[in-house]
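**Q** One-letter residues, chain by chain:
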Amino acid sequence: MRNGAMRNGAMRNGAMRNGTDPLLEVEGLTIDFDGAVSQPGLVQDVSFTVSRGESVALIGESGCGKTMTAMAVLGLLPAGFRVAAGRIALGGRDLLTCSARELRAIRGRSIGAIFQDPMSSLDPTMRVGDQIAEARRLHLKERRPVALRRARELLDRVGIPNADKRLASYPHELSGGMQQRVMIASAIACDPELVLADEPTTALDVTIQAEILELLRDLRTEQGIAVLLVTHDLGVVADFCDRVVAMYAGAVVERAGVEDIFGAPAHPYTRALLDAIPQSGRPRTVLPVIPGRVPPAGSFPTGCRFEPRCDHGGHDRCRAPQHEAAVADGRYSRCARVADGDLVLAAGVGAR
Amino acid sequence: MTGVEEKGARTRAAAGPGTGSLVATGLTKSFPLSRDLLGRPASRVRAVDGVDLEVTAGTTVGVVGESGSGKSTLGRLVSLLERPDTGSVVLDGVDATHLRGRALAALRTRLQVVFQDPFGSLDPTKSVGHAVAEPLLVHGRIGRSGMAAAAADLLAGVGLDPGLAGRFPEQLSGGQRQRVCIARALALEPWLLVADEPTSALDLSTRSEILNLLLGLQRDTGQSILLVSHDFATVQHLAHRVAVMYLGRIVEEGPTEEVVGNPLHPYTRALLSAVPVPDPSAQRARRRIVLHGDVPNPADPPSGCRFRTRCREAMPSCSTIDPALAEIGPAHRVACLLHAEAGTPVSTSATPRSTT
Amino acid sequence: MTAEATAEPVVDRRPAPSERSPRRKLLRGMIRRPSSLVAIVFVLVLVVLAVLAPWVAPQDPTAQDLAAAFAPYSAEHLLGTDDLGRDVASRLLYAIRIALLAPLISVGVALVLGVPSGLWAGLRRGYVDAVLSRITDALLSLPGLAFALAIVAVVGPGLVNVMVALGIVFMPSVFRVVRGAAMAVAQEPYVDSARAIGCSTHRILWVHILPNVAAPLLVQATILMGVALLAEAGLSFLGLGVQPPESSWGSMLRTAYDNQFEAPLSVLPPGIAVVLTVLAFNVIGDTIRDVMAARWQR
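Protein chains in written order, with our numbering: chain A, 1 to 352; chain B, 1 to 356; chain C, 1 to 298.
You may find that some hints are simply not true.
What the hints assert, rightly or not - Derived pair list, reagent style SDA-like, types lysine to any residue, alpha-carbon separation capped at 20 Å: (1) A:165 / B:294; (2) C:25 / C:218; (3) C:25 / C:289; (4) A:165 / A:149; (5) C:25 / C:41; (6) C:25 / B:170; (7) C:25 / B:171; (8) A:165 / B:293; (9) C:25 / A:37; (10) A:165 / B:296; (11) C:25 / C:293; (12) C:25 / B:167; (13) A:165 / B:292; (14) A:165 / B:297; (15) C:25 / C:290; (16) C:25 / B:166; (17) C:25 / C:38; (18) A:141 / A:107.
It should be emphasised that the hints constitute simulated quantities derived from the structure, not laboratory data.
Can you make the complete structure from the sequences, with help from the hints?
**A** Below, the structure written as structure tokens:
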């Protein structure tokens, strides 16, 4: 496996296929925490783009800042957290300068959101139909009967049988997979350009996960909705995404097309993550591990954030703050070895 | 392993982790769903419905299934945390089904459990050292004064700094906690370790550490493991044999390579195809079997084959005939009418299986 | 941060921080909050004064001097004297003993009755729980003070009788708190884990469940201390608690009330003492709850 790099030239990434029209641009995003103990740089200098119709994965272990980044895009950072620097733009419009009112108009309208736990994301006291119709009534000022008719279509669209009957159901009457479908229906109710999905299938069984991914895939191909998928499941990434943004300790360590990153990861952290997956062909073998653990937020190393756990660490060049360096066209890695030009990727990827 | 080990605690020197046996036969367990006015169960859900399971020394048996399959209940029945409605759990030749009190406590030393949630399975008010040495204290193998030394040994045994003994669970990471839980389970040198989703609450890189630890244990001491998991990749990596459960039944069982390489039950096939492979080109080239519909309500399972409502190969006879596990290949058993002719039905237990 | 960290892949060599047992953390959290620090210091001072009363008190609290009745505040009588010429400051000091002892007795009785039954009911549920819950519900339906008065009517007045009666009245509230918390804790995986290693029910109850219900129990106990003190003051005010010549803040209030025209200021010392002490108990209880809530949130 991992020979996807050979198809490098032909299929750089989804952005090529879907045109390089950037929909979401995140540039130099830095998030600080101002509290009793202020912690600067919880998310540091994060940049990536999502093009129209494209699916981008934000991967990393817990505590790496991927959900924080997603929340910043939604303008929903928890109290105390603050965007200290950077730019977030949707279709060229700067979201950080928007008023709270304008942001509300964008959320649910241009950006739909799906979260991990559908049961706690849906209002338990509200009927499914009204829940889906709410976004349309709110954003498109539709009257309730009209919005409900649309909600019915949406339930059909996300593959819920007996849509007429289900409109009147309460969330707890549905199974987990059905609840997640309702979440998706309400996320796409206003035909958003971008759907932000934070671990949408983590709480679901694998057979249900496969159905949900299938549905999201259909939405992309048929309606051209772009998806920013926050996940820690590399299998889901391989299945669903065009490009990958890998985060570690609040910083982006690598950005690449999905074939490239699985074929020849250009950062020791991404490589270690991939190596840690059990391989079906080699049962009962010892898996490589990443020594140590993710440092707690607020005590990130000043130099390369991965250096204390890195096989290639210990050099002076790792002690300085790292910057993203281009490995190849559209591929970036935040590793001193790339910047110094002494990282040789397998199968000639990134030969410069 | 010869003879009956009734005094587990006393004879532990004779019975190390390498020897022992577990045979579970015809297990059923149901839970009340609703009660009538007098508090008697009005309707019940059969979480486990006629399951046989055997673990032999030095091997890992994996139980895979999705939510509602009854795999966790099976794990609890085998762990002696729950009593079966019918059937028996025979550990080291001793029928544990009706044991109580001291005899049960003694038998428990032969079998220990690692729970899914390392955050909840350690008492927050007890130090790490207390947690790992407590089993020895409870069984009177050490005194209070011996706890520190025992704790240090046990922590070192799972690759933790003995200096952690004085800390409290909330100060540890998820991986460290799971190691502490494993050290606690190993303290009594049990023959069998029942691990219920031991890695599903952990991060990717921590997961491989725990898998390595379990593999190393088996290699070094011949530890037998019963691994209950929803994650086929984990089971595939650790288990010699695997049992696939659906709605309270084992639908397919056999050597892991056999089941993964040549899945015979339509559900096993669907389950395997739903697990995404972390390789984009391979994953996208795969033929996916996407199941439609939800898992039926376990309180009201379909007639005949329980999988037929979601099965793509369902035949008319599937709604009337409830297929039994039949031996298809060497030690490979499957419960499906498609394969019923090929194999010979396996009698599941001495007593006939209870009705569906 | 150093290369050494990568050399030891498995063992975590992070320097161990100070050992933070939950108990120590609770104490630290309480001392850090100014209001509870003041309350704790106040109660500690009361304890010290109660123990040292014979040495600290300027005069014998029962020594009468009718000639000096209703003396104003002075150097000799810091808080003046009462209707029998007894030194109010000394009586106030000796009364601290009653003010602390009385709540301790009743809360102690409530704990002895309520904790084991609550733990048992919470873990076992079923019939055990049903029976115990009905008994406590029946107790709860009795008006507390009236019940205490009835007991006093049967066994006669006196501090210990009154406080034991009050302890029985308090028992249901302790039972309910412990039962509810134990029920939640019994669902925790670590209770299963304790069973799996072979712990007896006895050990599970006292070693694993009790410490984990300690926080709400402590909150309830401190609040009951305040309630008990008020009840004691009330009963002594009515003459059913502490018997003369012993002094209690309640009986001192009674004296002050009876003589409000001769010495209007004499209600102040015992009144303020009661208010401050009850307040201190409540502040401590509230702080325990806040500190534990902050911990649970993380």
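**Q** Of all the hints given earlier, name the ones this structure violates by number, lowest first.
**A** none
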